Every structure is written in structure tokens, then in C-alpha cells.
Amino acid sequence: MANQFRRKLLFITVFLVILLSYSAYAFLIPSVHAAEISTQEKGLAILNDVVGLDLTEYAAETKEYPQDLYLGILPQDIVDYTLESNESMLRVACTFVNKTLQLIYVSDCDGSPPMTQPVTSVLEMAEGFLSRYYAYSGALYIQEMRSMVDKIDINKNITKTSGNMTLEVIVNQIHTEFIWTFTFNGVQASSKRVSLGFEKGFLKHFIDRWWLYKIDGTDINVDENEAIEIAMNAAKNYSWKVCMGNDTIEVTEFNIVEVGKPTLCFLNAMEEKDARGGDPLTLYPEWYIPLGLDKVYPGGVTGINVGIWADIKEVSYIGAMIFGGAPSSPEAPVNSENSVKPPSNEVSVGEVAPNQTLITWVALPILIAIALGATTVYFRRKKTSRLDNVPKSMFETWRSVLLLIPLTIVSIPIPTANAEPLPEPGGSAITYASTYYQLDYERTAAQQICTDMASRFGQEGYEVTNAYDTGTIKSNVLSWASSKEQGFHRVAIFHFGHGGFLDVGGYLHYDYFDSNGNTIWDYEIYPKTGLGKHFFVFIWTCRQGDLIGYVDGNGRAVGMPYAWTHTNSLSSNGYSSPDSGLYCFIGFENASPALAYRSFRYYTVLAKDFILKFYYYALSLSYSIKDALNLASLYWFGCSFIYCPLYQGFETWWPGNFPGGPPAKWDWGKMRVYGNGDIHLNQYSFKVLAADQYGNYFVNRDVYIDIMHNLANTGSTIDITGGYHTVFVNDFWEPGSTGNRSFFKYYTYGYTKYYLNPAYWYFWKDWTVTAVFELKHCPGDVNGDGIVDIDDAIIVSGVFGSIRGDPEWTSIADLNCDGIVDIDDALIVAINFGEVYW
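In terms of our numbering, the sequence shown opens at residue 4 and continues consecutively.
FYI, nobody ran anything at the bench for these hints, they're computed from the structure. Please note that a few of the clues may not be correct.
[What the hints assert, rightly or not] In the BS3-like style, the derived pairs of lysine-lysine whose C-alpha atoms are separated by at most 27 Å in a straight line are:
no., residue 1, residue 2
1, 616, 102
2, 203, 668
3, 217, 616
4, 316, 239
5, 66, 102
6, 66, 45
7, 298, 756
8, 264, 673
9, 203, 159
10, 102, 217
11, 756, 779
12, 673, 616
13, 276, 316
14, 668, 264
15, 163, 217
16, 690, 66
17, 239, 276
18, 203, 616
19, 203, 768
20, 756, 768
21, 217, 45
22, 616, 779
23, 316, 217
24, 276, 244
25, 298, 264
26, 244, 668
27, 102, 45
28, 244, 159
29, 203, 66
30, 477, 45
31, 748, 690
32, 531, 477
33, 298, 239
[As the list claims (entries may be wrong)] Derived Cβ-Cβ restraints for the label pairs, each shown as a range:
no., residue 1, residue 2, range
34, 141, 282, 19 to 29 Å
35, 68, 259, 43 to 53 Å
36, 143, 176, 33 to 43 Å
37, 70, 235, 39 to 49 Å
38, 738, 70, 54 to 64 Å
39, 247, 163, 50 to 60 Å
Quick caveat: nothing in here was measured; it's all calculated off a predicted structure. Glycine included, C-beta positions come from ideal geometry on N, C-alpha and C.
Please model the entire structure based on the sequences and the hints provided.
Below, the structure written as C-alpha cells:
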């Protein structure tokens with residue numbers, strides 16, 4: 004019995020050990036599985052549990068981007084969701100840093116997104132979001148932030164502080180943003196913040212950088228006066244190198260005449276190699292001391308910025324302050340050919356502009372045919388007529404002779420513009436960077452930007468020209484402005500360098516410099532961009548965003564936005580209030596910030612990094628201009644673009660030593676976005692097929708994208724940017740003078756039919772549509788109204804001599820479908836004049 008009992012006891016013991024072991028293993032399994040939940044699954048859970056989207060109403064398309072490094076040190080994952088329901092469509096991106104949620108960003112929101120819980124106000128949305136995020140994350144600081152929004156007035160801007168948190172609520176017509184920033188004894192740490200933004204009644208973004216950054220060295224051992232003294236002493240030993248053509252000079256002597264407002268805040272360099280302690284995520288107290296110089300020194304240097312660690316009394320940073328309009332412009336050339344010509348009645352998609360010179364000659368044979376026909380009918384209705392004695396063959400002979408006389412005159416060659424080949428149905432991008440009068444670090448930064456930008460444009464299917472340094476010369480800029488418009492559907496340019504303005508003939512005109520120091524003027528650009536295809540222009544020089552533009556009293560274009568886009572009706576705020584046009588221009592009011600030197604009082608962000616991140620989001624991640632600006636700002640500044648220092652203004656010193664210029668003062672530079680910030684740079688593949696009612700397909704028929712100058716072929720692949728575009732297919736004739744015309748009926752996409760032509764569509768992916776045509780026999784009926792009359796003759800005369808690919812070309816006037824509007828087409832109208840088909 005004892006042995007049996009011992010055996011049972013041993014069995015039970017072993018069984019319990021095994022059971023406990025499995026229980027322990029089972030207990031550990033969930034945490035392992037939780038860690039292994041995919042980024043996509045985490046993102047979807049956040050959209051449902053934190054954002055509050057009712058995902059049961061959506062069809063979701065997911066895209067995960069290759070992992071990269073946040074600030075070069077922590078793994079960063081981005082997962083993108085395109086959500087479609089019966090009521091709405093939106094795009095939501097979630098960014099995870101070190102597997103922890105850092106950013107939610109909503110874009111391309113159309114309609115009313117279905118929510119798990121209804122809300123009635125922005126304040127309700129903010130409270131609900133923070134409560135759900137606290138439940139998701141368990142972060143105590145979120146609970147405190149939630150309590151700070153209780154009972155606040157959401158209709159006005161407010162600032163309130165609680166403990167080490169300062170809340171700013173910033174409100175405008177369409178956007179409300181809550182920003183919590185860490186503060187310690189009144190000293191702020193702009194990098195350590197949480198921002199929650201709403202736009203048009205829905206979540207726009209949420210970014211949490213509070214958990215990423217930590218504060219060290221809170222002891223302040225340097226007061227303001229001592230910080231200024233340290234900065235002045237450090238600046239005496241500062242020098243910089245400037246490239247002057249093939250030579251480089253070093254500036255070592257200068258005079259400091261002004262001390263700007265000192266600022267104390269918690270900062271660190273953004274790159275690991277430059278960061279104190281090698282960790283950009285640890286912040287230390289730093290005095291920022293701006294110093295103004297007595298004049299503009301080589302390189303456009305007007306001041307020096309110095310940083311002082313307030314806890315250890317050491318210089319943390321010293322660098323140049325640049326006001327890039329420094330080089331004095333030579334006398335501006337005045338040339339009458341640069342005057343703005345009278346409006347040429349530019350035609351929109353689907354319109355034809357008549358050529359008045361040819362109307363008379365082309366219409367003349369038709370009128371003679373009408374007269375001869377009427378005369379014949381009249382006399383033959385007479386009971387007696389001398390014509391009765393005239394042989395019919397002789398009458399027909401004379402009628403043909405009279406008809407052919409004016410047609411022979413028309414066939415005499417008439418001077419016309421040479422036809423251009425069809426433009427490439429895609430984009431061209433040029434990256435300019437002038438090295439004239441630039442500091443060595445600025446040159447290096449500009450080269451990095453141009454190389455990166457060229458690569459990203461190339462990956463999106465653009466024809467790319469990297470014109471850094473030697474390619475950035477005036478002759479190239481002017482020549483390519485014209486040739487790229489002729490050769491492509493759209494053109495994007497970026498230019499870095501110095502710029503300014505000068506009085507020309509009693510009016511201020513704007514200019515910037517090439518790598519040889521030559522000035523490129525607004526009124527010199529204007530005549531080269533007449534086709535209106537420069538859809539995105541980004542000029543990183545001083546002054547080129549001062550105004551949109553106009554025509555001066557001498558007939559010359561004023562302002563780079565106007566010169567490059569050929570429209571002065573651009574929205575004055577293409578970020579907050581974008582227009583619906585085809586163009587976006589970004590430039591700077593007053594000064595532009597240096598690329599490689601600190602320019603922002605509360606941040607150590609370098610402007611070059613903002614540019615790189617902007618083009619990353621715009622091209623590689625397919626965001627609109629506005630959203631790319633937002634995302635670059637959220638990444639570097641922790642707030643949306645409208646509240647970052649580029650938009651709000653960054654400080655610079657103007658020494659005031661230019662004759663007739665403004666006096667010495669601390670001035671502000673601001674980035675300005677004109678036109679339509681909703682346009683995209685990334686390209687999708689688009690194809691329009693053409694078929695008749697019997698399913699027969701036609702290739703190489705006319706498709707227009709946005710403007711009549713952008714002609715492409717049916718059946719071919721067209722590179723088209725994301726966002727809204729106008730698409731137009733024109734009627735066409737059967738080859739060989741058969742008189743059979745294909746009339747547009749509708750577009751088909753899947754099982755959906757679209758009857759509008761031109762069509763206005765939103766592009767967010769590759770797609771193909773079919774344009775269905777109906778074949779009818781109606782020779783000579785150019786305008787498709789069922790009768791051949793003088794209106795048809797006028798259309799043919801208006802485009803007479805044009806070849807497919809010419810700006811004035813239209814396929815409805817090419818009645819024999821041979822690619823040219825000529826005497827054969829005029830004859831078809833004349834012979835069938837007066838015919839009624841329906």
C-alpha cells in the first residue's frame with residue numbers, strides 16, 4: 004500500500020509539475036504573440052479603437068513601406084490604409100517608432116466617415132480621442148492632457164499651463180490644433196510635445212513625441228547676460244568660406260553691431276553625430292543668441308547664431324545667418340520681346356480657336372458652291388431659260404472650274420508654325436542649384452538635395468535633369484523653360500540660390516542668380532512658359548514669394564509666380580485655401596533660411612532636412628503638396644505646417660546698408676504657398692481605350708489632359724499625377740474620306756458609365772477607362788450638329804494647315820483622318836454643303 008501510495012504521489016507530483024510548466028508556457032505565449040502582432044494589424048486596431056472609425060463599413064487596402072530609421076537611430080515603420088465605404092473615402096497612415104505609435108495622419112478625406120460613436124463638436128472629438136488613446140496606451144501624461152481640455156472655449160486661441168505642460172489651442176476657419184509642449188520653470192522643449200489636429204470636422208493628425216524625448220540637465224547655471232558675453236567671445240573666432248566662381252575665400256573679419264532676443268529652451272542636435280552625448284532624443288538647456296553684423300558679408304551673411312549650453316557653460320553651436328538677397332544686381336536688361344503680349348484667348352479642353360486669316364479663303368469655295376447650286380435651281384425652275392440650250396456637261400465643267408479657282412489659291416503654301424511632335428504624356432523635373440556666392444556647407448547641402456530629389460522624381464517616371472552647379476546657368480534656365488513645356492505634359496522645377504529685386508523702368512522686378520552670377524528676371528521667364536505647363540515651382544531664394552505678380556506699365560511680367568505659371572489669379576494661400584487650378588508655387592516672402600545652418604529659434608532643425616522630407620512624402624509616399632508640407636513639419640517640428648516657423652516666420656537680421664533699401668532691423672522670412680496646394684507630384688499610369696458600339700477598338704486617337712496642349716493617344720499609357728484632372732476625348736473620322744464619324748457616347752470603368760466629356764476625375768491609383776463612340780455617316784459635318792453649313796467651314800478654316808500635335812489642332816476638322824487639316828478636308832465640306840443628316 005505504501006509503495007502504491009508513493010507511486011501515486013510521484014505520478015501526481017510529476018503531473019502537477021508538467022501542468023504548471025505548460026501553464027507557465029501558456030501564460031507567456033500571449034505576450035509573445037502580442038509582440039508579434041503585425042504593424043498592419045496594430046494600425047487597424049488603432050483606427051477602430053482610437054480613431055473611432057467603424058471599419059465594418061469599409062473596404063481596406065493596405066500598404067506597408069520599407070522600414071527606415073527615425074532620426075537615424077530608432078526603427079520606424081509606416082503602414083498606409085486606403086478606406087472606401089458607400090459614404091466616404093479616406094487615407095490614413097500610422098507611423099510606429101520602435102514599435103510604438105508615434106503618428107496618425109488622415110488625408111484625401113471625401114464624404115462623412117462612418118464612426119463607432121457620433122460626435123457633434125471638435126471639443127467632443129478631442130476629448131473622445133484622448134480618452135480612447137489613454138485606454139490604448141496607458142500613458143499617464145495623456146490623462147493629464149485630457150483633463151486640460153475640459154471646459155475650454157474652442158472658438159478662440161488659448162494658452163494654459165498645468166505643471167510641466169503648456170497647452171496651446173489654435174483655431175482658424177477650417178483647422179483646430181491642440182499642442183501640448185513640455186515646460187520646466189517656463190523653459191520649453193519644443194521637441195517633446197503632443198499635437199492633435201482636426202480639419203473640416205474630422206481628425207487630421209495625432210503625433211505623440213512626448214515619450215520619445217527626455218530632459219536632462221535642468222540646472223540653469225548661465226544667465227542671459229553671461230550667455231551673451233560667451234556668445235560674443237565665441238563669435239570673434241568664427242569664420243566661413245565662400246565660393247566665388249572657381250575661387251574660395253575665407254571671411255575672418257566682421258563687425259557685430261546688434262544682439263537679438265536671447266531665448267532659453269531645451270534642445271539637442273537632430274543628428275546622432277552632432278548631438279550632445281550622441282543621443283538626439285535627450286534634451287539639454289541651451290541659450291540661443293542671434294548676433295547682427297554691420298553689413299552684408301560675402302555669402303550673404305548678415306549675422307551669426309550662437310548656442311550656449313546653460314548647464315555646463317559651453318558653446319553648443321555657432322553658424323552663419325544668411326539673407327540671400329545680398330549680391331547687388333547689375334542694371335537689368337530691357338528688351339521689348341520680353342513684354343507681355345495681349346491675351347491670345349488660350350483655349351481650354353474641348354475648344355477650337357479660329358484662324359481668321361484663313362476663314363475667307365476656305366469659306367470661299369463653299370460659298371461659290373452654294374451660289375452655283377442656287378443659280379442652277381433658280382433657272383431650271385423657269386419655264387423658259389437660255390440655260391435649257393446649254394449642254395449639261397458644259398455647265399458642270401464651268402461649275403467645277405469656278406469651284407477649284409479659290410481652292411487652288413488655298414493650296415498655295417501659307418506660312419504656319421512648324422508642327423511639334425506629341426509631348427511625352429508625363430512629367431519633366433529640373434533641380435537647379437546656384438553655387439554663386441554660396442558658403443561651402445550650403446553648396447554641399449544643395450548638392451544633397453538635388454541628388455535626392457532627382458532620384459525620387461526619376462522613380463516616379465519623370466524625365467529628370469539634375470542641373471546642380473554648372474547646369475544652373477541662365478541660358479539653360481530660359482531654354483529649358485520653353486523646350487520642356489513643348490516636350491512634356493507637365494514640368495516641375497526646384498531652384499536654390501540667392502535672389503532679390505530691383506527697379507526696372509520704374510517697377511520692382513524680381514530676379515535670382517545662376518552659378519555664374521547672372522541674373523534671371525521674371526520678365527525673361529514669362530515669354531518662355533506660354534504653354535502653361537510648369538505646374539509646380541519651388542524657389543528657395545529670398546524675395547521670390549513677395550507677391551504673385553502682374554503686368555507693369557511697360558508691358559512686362561512682374562513676379563516669379565506669374566512668370567512661371569502664366570496666371571496671376573493663384574490663391575494667395577494655397578495651403579489653407581487652395582484654388583482648383585493646375586499650379587502651385589512655393590517661395591519666400593523676404594528672406595529664405597539657410598540650408599545647412601540653424602535658422603529657427605526654438606528648434607535645431609536644418610532647412611535642408613525639411614526639404615528632403617517634403618519631397619519624400621510628396622513623391623515616394625504620394626501625398627499632395629499640402630499634406631507633404633504637413634508631414635514634413637510634423638516630423639521635424641511636431642506640429643502642422645501652418646504653425647511651424649517656416650509658415651509663421653523665422654527671424655533674420657537685415658543690416659540696412661543698401662542705398663534706397665530698408666533700415667537695419669530684425670526681419671522675418673516666411674514660406675508662401677500660392678495656387679493649389681492639393682495637387683500631387685507622384686504619377687500614376689492612366690490609359691484611355693477607344694471603342695465603337697460594336698466593340699472595335701481604335702488607337703492613336705486624341706486624348707487631352709487638362710489643357711489642349713497636352714495631347715496623347717488612345718491605347719497608350721499616360722503618366723498622370725495624383726489628384727483631380729480633366730480628361731477629354733475628341734470625336735474623329737474614319738480614314739479614307741468615307742464620311743463615317745465616331746461620336747462620343749460615354750466612358751466606362753468597370754460597370755459604371757460616365758456621360759460627361761470632358762470628365763473631371765480624381766486619380767489615386769493606376770487605372771484604365773474606355774471611351775465608347777457611336778459611328779454615324781455624316782460627311783462634312785464638322786461640328787456634329789447634323790447639317791453641313793458655314794459653321795463647319797469656319798472650324799476648318801480656323802485650324803487649316805495644322806498637323807496633329809500642333810496647339811491649334813482638332814481631329815473633328817481632319818475629315819479624312821490623315822493627320823493634317825488641308826484642302827482635302829475643305830473640299831469635303833464644300834461638296835457636302837447643305838446636306839442635312841438628322
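Right, here's what the structure says about each hint:
no. : hint                  : in the structure
1   : 616 - 102             : holds, 21 Å
2   : 203 - 668             : violated, 39 Å
3   : 217 - 616             : holds, 24 Å
4   : 316 - 239             : holds, 17 Å
5   : 66 - 102              : holds, 17 Å
6   : 66 - 45               : holds, 13 Å
7   : 298 - 756             : violated, 67 Å
8   : 264 - 673             : holds, 19 Å
9   : 203 - 159             : holds, 16 Å
10  : 102 - 217             : holds, 18 Å
11  : 756 - 779             : holds, 21 Å
12  : 673 - 616             : holds, 19 Å
13  : 276 - 316             : holds, 21 Å
14  : 668 - 264             : holds, 12 Å
15  : 163 - 217             : holds, 22 Å
16  : 690 - 66              : holds, 23 Å
17  : 239 - 276             : holds, 26 Å
18  : 203 - 616             : holds, 26 Å
19  : 203 - 768             : holds, 25 Å
20  : 756 - 768             : holds, 19 Å
21  : 217 - 45              : holds, 26 Å
22  : 616 - 779             : violated, 54 Å
23  : 316 - 217             : holds, 21 Å
24  : 276 - 244             : holds, 22 Å
25  : 298 - 264             : holds, 19 Å
26  : 244 - 668             : holds, 25 Å
27  : 102 - 45              : holds, 10 Å
28  : 244 - 159             : violated, 48 Å
29  : 203 - 66              : holds, 26 Å
30  : 477 - 45              : violated, 52 Å
31  : 748 - 690             : holds, 18 Å
32  : 531 - 477             : holds, 12 Å
33  : 298 - 239             : holds, 16 Å
34  : 141 - 282: 19 to 29 Å : holds, 25 Å
35  : 68 - 259: 43 to 53 Å  : holds, 47 Å
36  : 143 - 176: 33 to 43 Å : holds, 35 Å
37  : 70 - 235: 39 to 49 Å  : holds, 46 Å
38  : 738 - 70: 54 to 64 Å  : holds, 55 Å
39  : 247 - 163: 50 to 60 Å : holds, 53 Å
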